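Student: Work out the full structure, taking the sequences as your base and the hints as a guide.
Listed below, chain by chain, are the residues.
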Amino acid sequence: MNGEHVEMACAEVDELSGLYVLDALDAAEAAAVRRHLATCSEAHAAFADVAAVMPALNGLIDPVRPPAELRDRVLAAVAATPQAAAPQAAMSQEAWSPVPVTGRAPSAMPAPSAVPSSPSALPSPSARPSPSPVPISLAVARERRASRVASWWRPAMAAAAVLLIVVLGGLNLVLERRASDAEARASVLRSAIAVSLDPNSQVAGLHGSGVAAGATGFAAFPKTGTGYIVVNGLPQVTSDKTYQAWFVTGGTAHSAGLLTPDSDGLSVLQGVAMTPGAELVALTIEPAGGMPAPTTDPIVVGEMQPGPVAVAFPKLGSLSGG
Amino acid sequence: MSASPDATGRGSGTLSEPTDEALLEDAAHGDQGAIAVLYDRYKGVMYGLASRITGDPALAQDAVQEAFVGIWRNASRFSSAKASARTWMLSIAHHRAVDMVRRRRPTIDLPDPELPPPAQLVSVDIWPEISQRLDADSVRAAMLTLSGVQREAIELAYFGGLTQQEIAARTGAPLGTVKSRVRLGLLQLRASLEAGGAGREGSADRRMDTA
Chain Y
1 MNGEHVEMAC
11 AEVDELSGLY
21 VLDALDAAEA
31 AAVRRHLATC
41 SEAHAAFADV
51 AAVMPALNGL
61 IDPVRPPAEL
71 RDRVLAAVAA
81 TPQAAAPQAA
91 MSQEAWSPVP
101 VTGRAPSAMP
111 APSAVPSSPS
121 ALPSPSARPS
131 PSPVPISLAV
141 ARERRASRVA
151 SWWRPAMAAA
161 AVLLIVVLGG
171 LNLVLERRAS
181 DAEARASVLR
191 SAIAVSLDPN
201 SQVAGLHGSG
211 VAAGATGFAA
221 FPKTGTGYIV
231 VNGLPQVTSD
241 KTYQAWFVTG
251 GTAHSAGLLT
261 PDSDGLSVLQ
271 GVAMTPGAEL
281 VALTIEPAGG
291 MPAPTTDPIV
301 VGEMQPGPVA
311 VAFPKLGSLS
321 GG
Chain W
1001 MSASPDATGR
1011 GSGTLSEPTD
1021 EALLEDAAHG
1031 DQGAIAVLYD
1041 RYKGVMYGLA
1051 SRITGDPALA
1061 QDAVQEAFVG
1071 IWRNASRFSS
1081 AKASARTWML
1091 SIAHHRAVDM
1101 VRRRRPTIDL
1111 PDPELPPPAQ
1121 LVSVDIWPEI
1131 SQRLDADSVR
1141 AAMLTLSGVQ
1151 REAIELAYFG
1161 GLTQQEIAAR
1171 TGAPLGTVKS
1181 RVRLGLLQLR
1191 ASLEAGGAGR
1201 EGSADRRMDT
1211 A
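Residue numbers (the numbering used here), protein chains in the order written: chain Y, 1 to 322; chain W, 1001 to 1211.
Any given hint could turn out to be false.
To be verified - If you want the footprint, here are the derived chain W segments under chain Y, 3+ residues with CB under 8 Å:
#1 1079-1091
#2 1140-1153
#3 1163-1170
#4 1184-1193
Hints were generated in silico from the structure; no laboratory data involved. As the structure is a prediction and not an experimental result, all values here were calculated from the model. For every residue, glycine included, the Cβ atom is placed at its ideal position computed from N, Cα and C.
Tutor: This is the structure:
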């Protein structure tokens, strides 16, 4: 029976665009459309054209008050439901090939030894035969940061890459820890790291200053789809404040979303759509709920560059102890 | 004198309240309280949509529940680059309500609710300025610029939860006609809305060739 996998021509698919966006195809037809769109090199603008009216159609809905008890029912069902992983396919355990953790965390950074001289020399987690924690060139980053923070809003940024290196050992400790209390979050972190190591990604190493001094992290955006902003070591803010991430392009900031540090001070924002041409990623502290534009000075900044930019996470080792 | 939002209607009117998008971000981080706030904001419109599609209070309630569970589960997949939070959440509610009614028809396969949208749907809310000041009256007026058969096909598809085969059976039109009525009707609706006053006088001159 091959009826379910009939391939459609582009014109045929476009014909179905209206029915598709209205949910008026049966499952097999909708799947065939999806399959075609997922693999077709044509833009199929017909779909975006008709999908654009959905907000208008939704304006025709007459609200109806549901029974009051539905609220508790809905919230109970939500509370009983685990959340799905991030959109990026989480790397499998095999693919990730984590550094084996023997004993407890190294509480200090490993001594610097051979620092790779270019990003292309970075070890990839899956290819490393004998993983040992990679030393880090934080001094370089710190210097650049010092010269940058004062004028961070200025878009012109040097092209030279800051050499930041994943501290694989420390990172693995965090993943181990996460795995025990929140597997989903660990898998988000793995996905984020995988994106940061992809040469097709745009990546920024993030560094805190001021009240966020010591905070580090990275922002990583794949060639297509959404990306991640991960920051470790952010202090908690009071409930009337929030951390807000921004993309800075040509001196203009666009919100990337809100970050909330967990009890370990780790903040992970996923599903982030990068503002095209973003030059910087920055964090500010804003009133709860966020603001349309930043109202305070940035306390964490990093500049976007093509991946792989591996990421400094100097504080991760200490997490495992707490 | 009616209110004229054009001077300041730039979407910055809700600074004191978290936006729907911000609440979805919070939900993506595991904040169930954000879902509670979204429920309070959307319960009426979602229940209204689900009631219209299912025509059954119990099914409609199930659909709303399923919708919020889906929003919670998939909050991390929401991207404001693809659609507004409102459009995204209502699309989930619509999908679940359609599931509910089709589940009663054992011959029809259920769509997989977890599938991500195709990339071609990426630019959904392409005119935020327009959708911002959309009100039901202007949309209704724009709907009147469609031909009767186009309007009927769209209403049966979206608010009736019918498939193209069911619409064809209901209206006596061939499948190909149903397809083009829906597609051209949506394009006409868009053209009317983009034309500004949304055909407030019911102007037939903007009407597209009908199928």
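Student: Please flag the earlier hints that this structure goes against, numbers listed from lowest up.
Tutor: none
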